[in-house]
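*Asks:* Okay, here's what each chain looks like letter by letter:
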Amino acid sequence: MNKQWQIELEKIIKDKKRLLSNPADLLSYGFDGSFGQYQPERVVQPINREEVADIMKLANTFGVPVYPRGQATCLSGGPLPVRGGIVLDTCKMKDKLTIDSENLTATVSPGVITSKIKEAAEKEGFFYPPDPSSAHVSTIGGNVAENSGGPRGLKYGVTGNYVLGLEVVTPQGEIIRTGGQTIKNVTGYNLTQLLVGSEGTLGVITEVTLRLIPKPKSRVSLLVVFDDLVASGKAISGILSSGIMPSAMEIIDQHCINAVERHKPAGYPVDAAAILLIELDGHPKAIEEEMVEADRICREIGAREVQTASDEEDQKKLWEARKLVSPAIAKIKPTKISEDATVPRSKIPEMFERLSEIREKYNVELVVFGHAGDGNLHPNILTDKRDQEEMKRVEMAVSEIFESAIEVGGTLSGEHGIGTMKAPFMEKELGKIGLEMMRRVKEAWDPNDVMNPGKIFPQDGQTKLVLTE
Amino acid sequence: MSTQSLKELQEKIGYSYTFDCVQCGYCLPACPTYETMGKETHSPRGRINLVKMAAEGKLDLSDLRDPIEKCLGCQACVTACPTNTQYGKILEGAKEVLNEESTLPFPKKKVQDFIFNRVFPSSKWMDTIGHFTWAYQKTGLQKFARKTGLSNFAPLNLAKFEQVLPNQVSPKVRSSRKGFYPAVGKAKASVAFFKGCIMDSTFYSTNQNTISLLNHAGADVYIPDEQTCCGALHAHSGEGDSAKVLAKRNIEQFEKYDVDYVVNNAGGCGAQLVEYDHLLKNDEQWRERAISFVRKSKDISSVLFELGGLPSLVEKQEVVTYQPSCHLTHVQKVTEAPKLLAKSAPGVTFKEMDDEQKCCGSAGIYNIVNYKEAMEILDVKMAKVKPTHAATIITTNPGCLLQMKMGIQREGLEEKVRAVHLVDFLFERLPAQNSI
Ligand SMILES: Cc1cc2nc3c(=O)[nH]c(=O)nc-3n(C[C@H](O)[C@H](O)[C@H](O)COP(=O)(O)OP(=O)(O)OC[C@H]3O[C@@H](n4cnc5c(N)ncnc54)[C@H](O)[C@@H]3O)c2cc1C
Ligand code: SF4
Ligand code: SF4
Numbered sequence: 001m002n003k004q005w006q007i008e009l010e011k012i013i014k015d016k017k018r019l020l021s022n023p024a025d026l027l028s029y030g031f032d033g034s035f036g037q038y039q040p041e042r043v044v045q046p047i048n049r050e051e052v053a054d055i056m057k058l059a060n061t062f063g064v065p066v067y068p069r070g071q072a073t074c075l076s077g078g079p080l081p082v083r084g085g086i087v088l089d090t091c092k093m094k095d096k097l098t099i100d101s102e103n104l105t106a107t108v109s110p111g112v113i114t115s116k117i118k119e120a121a122e123k124e125g126f127f128y129p130p131d132p133s134s135a136h137v138s139t140i141g142g143n144v145a146e147n148s149g150g151p152r153g154l155k156y157g158v159t160g161n162y163v164l165g166l167e168v169v170t171p172q173g174e175i176i177r178t179g180g181q182t183i184k185n186v187t188g189y190n191l192t193q194l195l196v197g198s199e200g201t202l203g204v205i206t207e208v209t210l211r212l213i214p215k216p217k218s219r220v221s222l223l224v225v226f227d228d229l230v231a232s233g234k235a236i237s238g239i240l241s242s243g244i245m246p247s248a249m250e251i252i253d254q255h256c257i258n259a260v261e262r263h264k265p266a267g268y269p270v271d272a273a274a275i276l277l278i279e280l281d282g283h284p285k286a287i288e289e290e291m292v293e294a295d296r297i298c299r300e301i302g303a304r305e306v307q308t309a310s311d312e313e314d315q316k317k318l319w320e321a322r323k324l325v326s327p328a329i330a331k332i333k334p335t336k337i338s339e340d341a342t343v344p345r346s347k348i349p350e351m352f353e354r355l356s357e358i359r360e361k362y363n364v365e366l367v368v369f370g371h372a373g374d375g376n377l378h379p380n381i382l383t384d385k386r387d388q389e390e391m392k393r394v395e396m397a398v399s400e401i402f403e404s405a406i407e408v409g410g411t412l413s414g415e416h417g418i419g420t421m422k423a424p425f426m427e428k429e430l431g432k433i434g435l436e437m438m439r440r441v442k443e444a445w446d447p448n449d450v451m452n453p454g455k456i457f458p459q460d461g462q463t464k465l466v467l468t469e
Numbered sequence: 001m002s003t004q005s006l007k008e009l010q011e012k013i014g015y016s017y018t019f020d021c022v023q024c025g026y027c028l029p030a031c032p033t034y035e036t037m038g039k040e041t042h043s044p045r046g047r048i049n050l051v052k053m054a055a056e057g058k059l060d061l062s063d064l065r066d067p068i069e070k071c072l073g074c075q076a077c078v079t080a081c082p083t084n085t086q087y088g089k090i091l092e093g094a095k096e097v098l099n100e101e102s103t104l105p106f107p108k109k110k111v112q113d114f115i116f117n118r119v120f121p122s123s124k125w126m127d128t129i130g131h132f133t134w135a136y137q138k139t140g141l142q143k144f145a146r147k148t149g150l151s152n153f154a155p156l157n158l159a160k161f162e163q164v165l166p167n168q169v170s171p172k173v174r175s176s177r178k179g180f181y182p183a184v185g186k187a188k189a190s191v192a193f194f195k196g197c198i199m200d201s202t203f204y205s206t207n208q209n210t211i212s213l214l215n216h217a218g219a220d221v222y223i224p225d226e227q228t229c230c231g232a233l234h235a236h237s238g239e240g241d242s243a244k245v246l247a248k249r250n251i252e253q254f255e256k257y258d259v260d261y262v263v264n265n266a267g268g269c270g271a272q273l274v275e276y277d278h279l280l281k282n283d284e285q286w287r288e289r290a291i292s293f294v295r296k297s298k299d300i301s302s303v304l305f306e307l308g309g310l311p312s313l314v315e316k317q318e319v320v321t322y323q324p325s326c327h328l329t330h331v332q333k334v335t336e337a338p339k340l341l342a343k344s345a346p347g348v349t350f351k352e353m354d355d356e357q358k359c360c361g362s363a364g365i366y367n368i369v370n371y372k373e374a375m376e377i378l379d380v381k382m383a384k385v386k387p388t389h390a391a392t393i394i395t396t397n398p399g400c401l402l403q404m405k406m407g408i409q410r411e412g413l414e415e416k417v418r419a420v421h422l423v424d425f426l427f428e429r430l431p432a433q434n435s436i
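Chain order of the listed sequences is A and B. The opening residue of the first sequence carries number 1 in the working numbering; numbering runs sequentially from there. The opening residue of the second sequence carries number 1 in the working numbering; numbering runs sequentially from there.
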């Protein structure tokens, strides 16, 4: 027997193809790129804001949870339907992608794939810098909801720095607009930035207006090889304090290098303890000087080798390999627990030391790569979820990673969000009252707790990560 | 389901392979059915997850059937996957399990058995089909059937395919084939030709042209006459045991010849031939023999390329594009040789289409059993072909060739565009066309 809300839902989404209820379909919308499998009661694929509004009105009336979903590349459990209800798949909302060359903005539907925005902007001579490694798969809606970043965060910031305005359907099913088309905007509370990174808990994003910038004139990349991981950390601070602002600065440790080379050789040196990938962009004359300077600094700190790539092809190759790190390390062992603890940049060498201690202490396959330039490290633990004993050790190791990050003055998440995975640690970082203020915001927006419930905020008494069954 | 039988199911269905998938979604943009059907259920990531769920007893096998049957098996997801998840093996395992569970009505099962186990393996049957098609075309029956709309009553939309079949050679020509064709000039290599079943029955002249090209490139060509169907359609339909029988027979037949290559000209068959070692990996007696067979098995384009290409092709101005066979690209990993050969022909302007490596929807017998879905995929493909303004679409597999011909027909482009097999395209440009 269908429940009343399910009958009502059929009246909103009349196209049967976009309202899914058979077992295979439901299970297919019960996972993301992280951990856990759930079963929603319905999956809907709306095609416009009006349908989204009607779905939210219905959900709010009947108290049915709704989980917005892009392409489910989330690494923190954001779109998981943890309490049944409706998965609201935004992938069919992709009809709009317009570039306004006069105002240097782009207006897009939430289901548009991020890399398409970049391509469209480049056609007009503009640049959309945020580039999560998942950009060719993930949606802009998901990027905004997670405030996704990428290698270019160092110089250009993250998705949130480019969002000027949003159209959002509230948990009660009202359609609102926040921000606008202007670069400056201080009218009232900054709801736009509150919604950025809200992980789908405050509303459904149905349109995004993004800021574009002129395309940098030229670009060059360096591959710097180190025999010592901590030295590579020092080189990062060395370059940044010299006044050079690379557009990206990535670190990849030996385990990750090996994983990439085993998977799809890119010519990374397999015997190095770590490599730094540095990208400089700007005026050709300026980057030429910066290149020489960066080279000198790295060598002084103990780099074994510095290679430069200035033609498009070579650079593309270097960076494509970087994009493969995350998936390639998954070959080490079947289950991948991906963290994104972020620390102040000066603390990178210290964090490296702590991570290698954790690796030893719990005897786990812990590897590190990340957007070192902005302190955003991705310690990853490779394990096998069928091995319960090892999973217990992994749970403890992950907890200690979070604690270490917070202790050195860092944060739980630089870009992957809190979702279900990091909720238990929120109070540690924010304090009781800090978290309470966030909770009050959520309750004010969504008194019936229908909008992506079970995310960000820990359940009562939930203080540790649980990965075992 | 009891734990014991769940265990058995997990063995068969390739449960352990599913753990290689980290659900990153990198395969989604590569998958043609995800593009046209627009839901996770029909994506590689989704299908892998469903197989896993079924293996854990959380999904009924009957609910797994549709997602698995609607998969083209094109393996584009395997190429895209950064963790190298063996989707092909997961798919094969799922098909085999579903096939065993099958509740096909008795007559349908009988027909399927008959086709797979009697018709495909038998060159006699295949010849008969060739003769029949020839007779059908020659006697005017075809015209009559088309005019009266009679052909539309054929089951499974076969009529639509019948319209794009090439003209057939007469039974007399067919029976005049020899067992050996010597190289033109001094022989650089010797090859044994795998003629295929459908390929040889309906694309007889392409096969003869293949032999000419090989001779021209400096190869002695042998044609083992006891060879049989490669078994690809069997393996892909979950008929693993029949596939093994066929594989053994082929290995045995080709072992009789001491050659440098075993050459084939159909991407799909080739993909099956190079997986004989995987197919027979648990068979003590056959494993080694399969490995040496696989080592020699190559696509015609790779062999021509390795022999140094074709000397002195005739110049002809033509804009061409290339629709790669999925099995050639994603299983055999042959991507450059066909393009380089096409480009090497004087006067050719080569235009790559967008998303070249996406399946055209042909995929074995997919376009026959899943006609509607296949046509949606084809329409997407044709939308990518048109902007190239190519007059010729080159393909490397009979299934793709027919599918592209249908695409041309659907778009009403018969006057402007043609689809041809790479072999025939090159053959047209041989200096002295000493056809055989
Ligand atoms: C291999 C790999 C590499 C990655 N690299 C990076 C990286 O470099 N940087 C980075 O920041 N992240 C990275 N990620 C994480 C992930 O890709 C990002 O978080 C991305 O933004 C998620 O987008 P999505 O479309 O997949 O959203 P989903 O995963 O579907 O959803 C993510 C969250 O957004 C919410 N949401 C989605 N759409 C909407 C909407 N329209 N309105 C409201 N809420 C919505 C969901 O409820 C959920 O909470 C990576 C992931 C993988 C698998
Ligand atoms: S099959 Fe490969 S590409 Fe696809 S989701 Fe799994 S790991 Fe990622
Ligand atoms: S084999 Fe082809 S159709 Fe099937 S899941 Fe992979 S990419 Fe999609």
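Read the hints as simulated data drawn from the structure, not as lab findings. Positions of the beta carbon are idealized from the N, C-alpha and C atoms, including for glycine. Incorrect hints may have been included.
[Unchecked claim] Here are the computed lysine-lysine pairs in the DSSO-like style, where the Cα-Cα straight-line distance is at most 30 Å:
| no. | chain 1 | residue 1 | chain 2 | residue 2 |
| --- | --- | --- | --- | --- |
| 1 | B | K256 | B | K244 |
| 2 | B | K386 | A | K123 |
| 3 | A | K96 | B | K244 |
[To be verified] Simulated restraints on C-beta separations:
| no. | chain 1 | residue 1 | chain 2 | residue 2 | range |
| --- | --- | --- | --- | --- | --- |
| 4 | A | E289 | B | K281 | 56 to 66 Å |
| 5 | A | P23 | B | E11 | 42 to 52 Å |
| 6 | B | E11 | A | K11 | 42 to 52 Å |
| 7 | B | E11 | A | Q39 | 48 to 58 Å |
| 8 | A | I176 | B | E11 | 38 to 48 Å |
| 9 | B | K281 | A | K123 | 27 to 37 Å |
| 10 | B | K343 | A | M396 | 57 to 67 Å |
| 11 | A | K11 | B | H278 | 12 to 22 Å |
| 12 | A | K123 | B | R418 | 57 to 67 Å |
*Asks:* Each hint needs a verdict: does it hold in this structure or not?
*Replies:* How the hints compare with the structure:
Our distance criterion of 30 Å between C-alpha atoms is met by K256/B and K244/B, whose separation comes to about 19 Å. Among the hinted pairs, K386/B with K123/A is consistent with the structure: their alpha-carbon atoms are about 21 Å apart, no more than 30 Å. Taken as a hint, the K96/A and K244/B pair is broken in the structure, with Cα atoms around 51 Å apart against an allowance of 30 Å. The hint said 56 to 66 Å for the Cβ distance between E289/A and K281/B, and at roughly 59 Å that hint holds.
Distance hint check: the CB atoms of P23/A and E11/B are about 23 Å apart, inconsistent with the given range 42 to 52 Å. Look at E11/B against K11/A: about 46 Å separates their beta carbons, and that is inside 42 to 52 Å. Between E11/B and Q39/A the beta carbons are some 26 Å apart, a value that contradicts the proposed interval 48 to 58 Å. Checked against the given bound of 38 to 48 Å, the beta carbons of I176/A and E11/B, roughly 54 Å apart, lie outside it.
Take K281/B and K123/A: their Cβ atoms lie about 49 Å apart, and the range 27 to 37 Å is violated. Between K343/B and M396/A the Cβ separation comes to about 59 Å, which falls inside the hinted range of 57 to 67 Å. Here the CB-CB span from K11/A to H278/B is close to 51 Å, at odds with the stated 12 to 22 Å. Separation of K123/A from R418/B is about 33 Å and departs from the stated range, judged on CB atoms against 57 to 67 Å.
When the structure is compared with the earlier hints, violations turn up for hints 3, 5, 7, 8, 9, 11 and 12 and for no others.
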